[in-house]
Amino acid sequence: MQLEAKNISFRYDKKSPWVLKDVSLSIQEGERVGIVAPSGFGKTTLARILAGYEKPSEGQVLIDGKELPSKGFCPVQLIYQHPELSVNPRWRMEKTLNECFTPDEALLAKMGIEKEWLHRWPSELSGGELQRFCIARILTPKTKILICDEISTMLDVITQAQVWNILLDIAKERNMGMAVITHNKALAEKVCTRTVRLDK
Amino acid sequence: MGKTLLNVEDLVVAFSMYRGDSLKKENLEVIHSLSLDVKEGEILAVVGSSGSGKSILASAVLDLLPKNAVVSGKITYDGKPLSMKTTPDLYGKEISFIPQSVDYLDPLMKVGKQVQGVKGSKARQEELFEKYRLGKDTEKKYPFQLSGGMARRVLISGAVMGNPKLIIADEPTPGLDLELAMETLKHFRTLADQGTGILMITHDIDLALNVADRIAVFYAGTIVEIASTQDFLSGRDALRHPYTKALYDALPQNGFKPIPGAQPYAGSLPSGCLFADRCPYRDDACAGAQPEREVRGGKVRCAHAT
Ligand SMILES: Nc1ncnc2c1ncn2[C@@H]1O[C@H](COP(=O)(O)OP(=O)(O)OP(=O)(O)O)[C@@H](O)[C@H]1O
Ligand SMILES: Nc1ncnc2c1ncn2[C@@H]1O[C@H](COP(=O)(O)OP(=O)(O)OP(=O)(O)O)[C@@H](O)[C@H]1O
Ligand code: SF4
Ligand SMILES: [Mg+2]
Ligand SMILES: [Mg+2]
Chain A
384 MQLEAKNISF
394 RYDKKSPWVL
404 KDVSLSIQEG
414 ERVGIVAPSG
424 FGKTTLARIL
434 AGYEKPSEGQ
444 VLIDGKELPS
454 KGFCPVQLIY
464 QHPELSVNPR
474 WRMEKTLNEC
484 FTPDEALLAK
494 MGIEKEWLHR
504 WPSELSGGEL
514 QRFCIARILT
524 PKTKILICDE
534 ISTMLDVITQ
544 AQVWNILLDI
554 AKERNMGMAV
564 ITHNKALAEK
574 VCTRTVRLDK
Chain B
5 MGKTLLNVED
15 LVVAFSMYRG
25 DSLKKENLEV
35 IHSLSLDVKE
45 GEILAVVGSS
55 GSGKSILASA
65 VLDLLPKNAV
75 VSGKITYDGK
85 PLSMKTTPDL
95 YGKEISFIPQ
105 SVDYLDPLMK
115 VGKQVQGVKG
125 SKARQEELFE
135 KYRLGKDTEK
145 KYPFQLSGGM
155 ARRVLISGAV
165 MGNPKLIIAD
175 EPTPGLDLEL
185 AMETLKHFRT
195 LADQGTGILM
205 ITHDIDLALN
215 VADRIAVFYA
225 GTIVEIASTQ
235 DFLSGRDALR
245 HPYTKALYDA
255 LPQNGFKPIP
265 GAQPYAGSLP
275 SGCLFADRCP
285 YRDDACAGAQ
295 PEREVRGGKV
305 RCAHAT
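In order, the protein sequences belong to chains A and B. Going by the numbering used here, the first sequence wraps up at 583, each residue one higher than the last. Going by the numbering used here, the second sequence wraps up at 310, each residue one higher than the last.
Honestly, the hints are just simulated from the structure, not real lab data. As the structure is a prediction and not an experimental result, all values here were calculated from the model. Warning: the hint list may mix true and false statements.
To be verified - Here are the computed distance ranges between Cβ atoms for each label pair: (1) A:Ser392 with B:Lys7: 14 to 24 Å; (2) A:Asp447 with B:Val122: 48 to 58 Å; (3) B:Lys117 with A:Arg475: 50 to 60 Å.
Claimed, not checked - So, partial list: chain B residues that the calculated Cβ filter (under 10 Å) puts toward chain A: (4) Ala18; (5) Val74; (6) Lys78; (7) Leu94; (8) Tyr95; (9) Lys135; (10) Leu138; (11) Leu150; (12) Asn258; (13) Cys290.
We treat Cβ as the ideally placed atom computed from N, Cα and C, and that holds for glycine.
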């Protein structure tokens, strides 16, 4: 599937300044696009718009030429910068992990996710452990485009490299498109097929 | 370098919890007899495996562990035992904290007010926001209106508001672009040069090498190596523990090559070396528990380190 953002402008309300102004971006099948800009320039905002969590004030987001579905599973999925803010604190990990599909045991083992953790609350895991759940839970074959917003800053470099290798294998196998937001240049060079700057 | 500010001796932290579906509680030990110190004017970087006990160490020092934590060992500040009960006045003043989770900000209070706290001044807050390039309008925002990196900078500003003598920083740089991250670390260095002791937990090893004095490497609840920053800068041969070398090799600029496997689960730790199942140099000498040894001026838990 191909994702296309056309002339996106966005502000959080009518009185506040524009966060994004006339941004266009496309992600083809199998492509991994790095999105780079300084802190506060609207990367997360754009990520949320691409995944359909936020409506652009102007412009549109199209998947294979059509608008994002408003019901059912969205083929564009977002892994958020702060895992602690993206899980339900009142759900045990098992429920969060299996919300939209059941990841197989081999995947969990590769991600270093222990079975014993499934019974825990999110507050009983380390930052990086929680982020690994947030990554595993959306790797369903139904995800066609994956938006990764600073997903590995909570991990040590070995686990980072492992997780990225898993994601790249899956992306290649399924010909999935990806947007990769990162401040880490070396990482972007290893992972992305091309890079765009939001601040020009 | 000055006197010892923070001293942690034989710290053990376990969580009392149910295992799986069983009805019996057991103690899950996540920090095993851990010792370290931070001196006046020093930056000690703490790096290592995700889930190795870095944040739990920070929580123990700040007396923020949850109720089901079972703790033993000694934590002292300037020679005196440290806890909410005995030394409540130290927290937030002489000792400040930058938490890993941005959840820590009060969602209902504008961030300018939060950073000023009860003791700080408006002028100092403005000075810090400018230093950290938070625009004029930032102080009037609520936490949910901040970007990830802005929230991190607000937390940092809050921690350096007073004149802390000891800073516990749990991941101060994720979400910051390189320039901002380096500025933050340089600010830490300036504070350290004025006498502040800083324990800085971080996954950004390459950045930490610019400012830290020593590096402690955590794995599965123990310190497997303490080395000078110089050893890391000299390259993998100057490092002592196979896990430290593996971390070094996995840095994106050094090849991005991960070793397979994961840190052992706290509930089923091996009796010998905790790294044995992933170590290419394992042999019979590794079967026993690995005590901390002095090697080339650093400390290491490995039978074969030279
Ligand atoms: N919910 C919100 N309401 C109002 N303003 C917001 C909201 N979320 C973000 N903003 C503002 O929008 C701008 C862009 O934020 P965004 O989170 O998209 O930046 P970012 O590029 O992801 O930054 P970082 O690298 O620090 O994560 C910031 O000025 C921020 O204050
Ligand atoms: N409340 C709790 N109950 C049980 N186990 C816990 C609890 N809090 C943390 N743990 C466990 O303790 C271990 C250490 O956690 P800690 O948060 O200190 O890791 P960390 O080194 O900071 O990792 P990261 O780099 O991912 O943040 C982890 O395996 C975690 O699952
Ligand atoms: S003690 Fe043995 S298994 Fe453990 S790190 Fe050293 S060589 Fe490897
Ligand atoms: Mg962001
Ligand atoms: Mg942590």
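Fill in: Cβ distance range 50 to 60 Å for Lys117 of chain B and Arg475 of chain A, holds or violated
With Cβ atoms ~35 Å apart, the hint is violated.
Practice prompt. Let me know if the C-beta of Val74 of chain B comes in closer than 10 Å to any C-beta of chain A, holds or violated.
Written response: For Val74 of chain B, the interface hint is violated, since the closest Cβ of chain A sits about 15 Å away, which is over 10 Å.
Fill in: Per-residue hint verdict: Leu138 of chain B, partner chain A, C-beta under 10 Å
Since chain A brings a Cβ to about 8 Å from Leu138 of chain B, closer than 10 Å, the hint holds.
Discussion item. Hint Cys290 of chain B vs chain A: min CB-CB distance below 10 Å?
Written reply: violated, 20 Å
Discussion item. Under 10 Å is the threshold here; is the Cβ of Leu150 of chain B close enough to any Cβ of chain A for the hint to stand?
Written reply: At about 8 Å, which falls below the 10 Å cut-off, the nearest Cβ of chain A leaves the hint on Leu150 of chain B intact, so it holds.
Fill in: Evaluation of the interface hint that places Leu94 of chain B against chain A, nearest CB under 10 Å
violated, 25 Å
Worksheet item: Per the CB criterion, is Ala18 of chain B less than 10 Å away from chain A?
Response: violated, 13 Å
Fill in: Hint status (Cβ of Tyr95 of chain B to nearest Cβ of chain A, threshold 10 Å)
violated, 21 Å
Discussion item. Using the nearest Cβ pair, does Asn258 of chain B come within less than 10 Å of chain A?
Written reply: holds, 9 Å
Worksheet entry | Cβ separation of Ser392 of chain A and Lys7 of chain B, checked against the hinted range 14 to 24 Å | Since the Cβ atoms of Ser392 of chain A and Lys7 of chain B sit about 57 Å apart, the hinted range of 14 to 24 Å is violated.
Item to complete: Could you check if Lys78 of chain B really has its C-beta closer than 10 Å to a C-beta on chain A?
Response: violated, 24 Å
Item to complete: Evaluate the given range 48 to 58 Å for the C-beta pair formed by Asp447 of chain A and Val122 of chain B.
Response: Roughly 56 Å apart at Cβ, these two residues keep to the hinted range, so it holds.
The structure fails to meet hints 1, 3, 4, 5, 6, 7, 8, 9, 13 from the earlier list, while all remaining hints are met.
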